[in-house]
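Listed here are the chains, written in short residue letters.
2 protein chains.
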Amino acid sequence: MRIAIAQLNPTIGDLTGNAQQILVAAKQAAEQGVRLLLTTEISLCGYPPRDLLLDPSFVQAVETTLQQLAQDLPPELAVLVGCVEPNERAQIQGGKPLFNSIALIEQGQVQQVYHKRLLPTYDVFDDKRYFEPGLASNSFTLDGVRIGVTICEDLWNDEKFWGRRNYAVNPIADLAALGVDIIVNLSGSPYSVGKQHLREAMLRHAAIRYHQPILYANQVGANDDLISDGCSVGFNRLGEIVCRARAFETDLIVLEFDQQERDLQLGPIAPLPENEDAEIWKALVLGVRDYSCKCGFSKVVIGLSGGIDSSLVAAVAQAALGSENVFGVLMPSPHSSEHSIHDALALAKNLGIQTQTLPIGKLMQGYDQTLAQLFAGMPSGVTEENIQSRIRGNLLMAVANKFGYLLLSTGNKSEMAVGYCTLYGDMNGGLAVIADVPKTRVYSLCRWLNATKEIIPANVITKPPSAELKPGQVDQDSLPPYDILDDILQRLIHNHESATQIAAAGHDPATVDHVVRLVNQAEFKRRQAPPGLKITDRAFGTGWRMPIAKKWVSTSRYEPATV
Amino acid sequence: MRIAIAQLNPTIGDLTGNAQQILVAAKQAAEQGVRLLLTTEISLCGYPPRDLLLDPSFVQAVETTLQQLAQDLPPELAVLVGCVEPNERAQIQGGKPLFNSIALIEQGQVQQVYHKRLLPTYDVFDDKRYFEPGLASNSFTLDGVRIGVTICEDLWNDEKFWGRRNYAVNPIADLAALGVDIIVNLSGSPYSVGKQHLREAMLRHAAIRYHQPILYANQVGANDDLISDGCSVGFNRLGEIVCRARAFETDLIVLEFDQQERDLQLGPIAPLPENEDAEIWKALVLGVRDYSCKCGFSKVVIGLSGGIDSSLVAAVAQAALGSENVFGVLMPSPHSSEHSIHDALALAKNLGIQTQTLPIGKLMQGYDQTLAQLFAGMPSGVTEENIQSRIRGNLLMAVANKFGYLLLSTGNKSEMAVGYCTLYGDMNGGLAVIADVPKTRVYSLCRWLNATKEIIPANVITKPPSAELKPGQVDQDSLPPYDILDDILQRLIHNHESATQIAAAGHDPATVDHVVRLVNQAEFKRRQAPPGLKITDRAFGTGWRMPIAKKWVSTSRYEPATV
Chain A
1 MRIAIAQLNP TIGDLTGNAQ QILVAAKQAA EQGVRLLLTT EISLCGYPPR
51 DLLLDPSFVQ AVETTLQQLA QDLPPELAVL VGCVEPNERA QIQGGKPLFN
101 SIALIEQGQV QQVYHKRLLP TYDVFDDKRY FEPGLASNSF TLDGVRIGVT
151 ICEDLWNDEK FWGRRNYAVN PIADLAALGV DIIVNLSGSP YSVGKQHLRE
201 AMLRHAAIRY HQPILYANQV GANDDLISDG CSVGFNRLGE IVCRARAFET
251 DLIVLEFDQQ ERDLQLGPIA PLPENEDAEI WKALVLGVRD YSCKCGFSKV
301 VIGLSGGIDS SLVAAVAQAA LGSENVFGVL MPSPHSSEHS IHDALALAKN
351 LGIQTQTLPI GKLMQGYDQT LAQLFAGMPS GVTEENIQSR IRGNLLMAVA
401 NKFGYLLLST GNKSEMAVGY CTLYGDMNGG LAVIADVPKT RVYSLCRWLN
451 ATKEIIPANV ITKPPSAELK PGQVDQDSLP PYDILDDILQ RLIHNHESAT
501 QIAAAGHDPA TVDHVVRLVN QAEFKRRQAP PGLKITDRAF GTGWRMPIAK
551 KWVSTSRYEP ATV
Chain B
1001 MRIAIAQLNP TIGDLTGNAQ QILVAAKQAA EQGVRLLLTT EISLCGYPPR
1051 DLLLDPSFVQ AVETTLQQLA QDLPPELAVL VGCVEPNERA QIQGGKPLFN
1101 SIALIEQGQV QQVYHKRLLP TYDVFDDKRY FEPGLASNSF TLDGVRIGVT
1151 ICEDLWNDEK FWGRRNYAVN PIADLAALGV DIIVNLSGSP YSVGKQHLRE
1201 AMLRHAAIRY HQPILYANQV GANDDLISDG CSVGFNRLGE IVCRARAFET
1251 DLIVLEFDQQ ERDLQLGPIA PLPENEDAEI WKALVLGVRD YSCKCGFSKV
1301 VIGLSGGIDS SLVAAVAQAA LGSENVFGVL MPSPHSSEHS IHDALALAKN
1351 LGIQTQTLPI GKLMQGYDQT LAQLFAGMPS GVTEENIQSR IRGNLLMAVA
1401 NKFGYLLLST GNKSEMAVGY CTLYGDMNGG LAVIADVPKT RVYSLCRWLN
1451 ATKEIIPANV ITKPPSAELK PGQVDQDSLP PYDILDDILQ RLIHNHESAT
1501 QIAAAGHDPA TVDHVVRLVN QAEFKRRQAP PGLKITDRAF GTGWRMPIAK
1551 KWVSTSRYEP ATV
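From first to last, the protein sequence lines stand for chains A and B.
Residue numbers for the first sequence follow our numbering, so the first one is 1 and each next one is one higher.
Residue numbers for the second sequence follow our numbering, so the first one is 1001 and each next one is one higher.
Everything labelled a hint here was simulated from the structure, so no lab data went into it.
Do not take every clue at face value.
Mimicking PhoX-like on lysine-lysine, the simulated pairs with C-alpha atoms at most 25 Å apart in a straight line are [what the hints assert, rightly or not]:
hint, chain 1, residue 1, chain 2, residue 2
1, B, Lys1128, B, Lys1282
2, A, Lys128, B, Lys1453
3, B, Lys1128, A, Lys96
4, B, Lys1299, A, Lys551
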């Protein structure tokens, strides 16, 4: 039996467009003699639809579109379409009004509907906000092959793999106990660094443990902060990989399920990106392309400071949208060094992008004059540095507004963490491209990018980083060296280590406390940041829900309260 | 038996300070011969602690502080303290690592711990992100009185009251079946207009239905966007109100449980605010005061346009912090009318606040000159209007930064809904005071405020609203009249009506479609807005989770997709 995976890139809420994508893939699959086509989680709505699910007219439109799609699909093909289904018993029994569902469509009709059982409610996931868990094992028989159906998280609860249970039930174990021939999974799994290695290890483990072939179909494409990397993959009963769809691209892969051997046969195996830098690069490029296109922008504008962050963002944008669709703006001040302008222009030349230079010195004077009386007798300081940054932010928004461009902001994760950035200044933009990329990773990405040909001018990489908001300023006047800062942040944010633990790992306690306090204090800035492309397992975005007005700061000096 | 409710205002994460508040209340209660003291939901941490709960050192500190508090509390008093407790079985059985808990403290020790059973996961509530539900009914016996213990949502699942079930179980019914003598509830319930009337109707219904006295203790105070209104309340077995704590203020109320009659006796009953305007006013004042204080600000700055929104915000701030702590900035442009300046100064005089005037004409010219070459040949328009707003935003932030003031933003909900506001301009601020107040309510609040004495200058209320960003501009050039707009928004946002339904209710379909599209398009602005004080049942804040990059727009012309 021939099975295919349609690794599609839906747009959230574009029901007609998403149905059209599924239909096109189904026709291609049918032409290749495919019997069963897998799409991805909530493929009809696009994942994640979030609070669109609270709109009854949206839910109704999903149902209408699904019925229409069922009629349009090639009747000889069985297609698993991700959708939502109302929970008819919610009013009486209690529970959420929807199920996260898969419809089995065949012969012009929805034949069966399956419900997601494990509902992730952590990090960026809010499944229990919308959905009631399915209670039954999901399976159906097609041409004598018994197929177990799961949705995304349903595969992520193997206590032997994780060392702990996350949910009371394990749908794989239930399906294996039922004696299915193959388990399929429809996912909308967001990318983070190294995630595919984790997924494949987990799926391999499950295939071996339960002696089950597993076919995993994942969405591809970016939706706001979340990037799905695709990489749909299959394992046979021995835990050997038998197919993999492309990373960060749409794909349609076809492979055979051998009904004698009752196992998947070898199909196409696309390579994974060669290393983490290549992987992150592709993620960011896809993130910028999809956010731009799905929001209706064809061109972007970026402030080019000559620094490494804006240089990387410009390179990503150029790769995503083409040189002709990226516009760079240089905004030198009296504090800008000569090399900054040279470096920015050299970068623009390397990327083949247009630039405009808008000096800000006169506007700085204008603000100084406007505020002179009010600020009389007070020394110049952070306020004036922020004004510079906000003049630039204002000019960039003016360019974006006038020409209908999308402004990309260029702050990195290290800055966002400690608040080394100006709200309404350099934080301005519709998308924060590298907001989840630590500064040390920014460097490694640029070096990787330059491996075959210099794209980021060498001087941009080698000079000491500086905001150039006052004479002679460098980042390390205010912050620990980035390798130290990033290690502290990794421990604090990703590993949930306390200040005491981080200090015990060898960091200077005063530095740790300083960083922890900065991270706390910067919460108000992050709350107003644009969506940032998520590339780690804990980003400052929809999955980071921290109070602003609070008094808790875990420092290495924390002692039990005495009241 | 004497029972007291400590209606406290904790600060999130301030474990020592919150424990201190509980201790002070307990000592006062003990002096009055109280036997049982109720605090509120997670009172030790402050509600809602959100992702602080993911920090193991925070959870450890809660435990340490609780143990210390147990030792410090008067031993003769039984105290119910809101806290969190680790779910020891999570690793083995699956499930979330914490319980939302109440500790019963007596004789220097934690005697028992109870777990919240119904975990709200909708709107601003994310309980299932953090907590495992408790499975058992919670009760204990004190001096022969059997007391049923519930936490917040545990009381909110009566299918007869709501006409539907939200959860499978009803903890009140379970406790009544156990034969408890009284049900107590510890809440952290956020305010919305009319919420207390709803709560009291629900509690009265439950008291009567189950023939149970109910004592409901609610947190007071604001934390970021959420305002808890207090209004802790008690009902006897007949459903008669027996006590009510003050609205929007801390309180300690004491009443008797008659052990013969096994019912609550009459205690103090504080009045509710006299109408919705008075209620919203108190909520906003508390919201501004708490956000300022809990973030460490003593003074605020506000841009005064002479318009009704900034006038109301200034009045709220003055009531919250005192005249000497509110600074108004007038920033007239060549498009500003004379009356705007007069009205702003008249308001400042009425409020007794200091102002400074910073004309922006020269800065407007500065931007025009800086951008002249790039924008050559293009007509002036929205870009230039935005620049004006952003100059003002930049000046206000400069004042805030220089003097350490908190900038309050002044946009109303109607504007935020349709995007009639400038990102990085008038949206700037640490707190959006009236972001959840529709424009029509802004008017009614101002009229209410002026009832006894003119605070908002009459002309501010009677003149047509205008952003004054170009000559002769009024809001109604771009938007439907506010009474129409607000009704459409109410139906769309609060009632989840489709465009078709809204049009069917009598609105012009083209107007409805226009508004629906504006609301969709403005999502990117709202994502970067400051926290806004929530006063309705659906605010654009932590409880509004809408994708930005999407294609779904429910319009009155929507037709089933054909693919």
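Hint check results:
no., hint, result
1, Lys1128/B with Lys1282/B, "violated (31 Å)"
2, Lys128/A with Lys1453/B, "violated (50 Å)"
3, Lys1128/B with Lys96/A, "holds (13 Å)"
4, Lys1299/B with Lys551/A, "holds (19 Å)"
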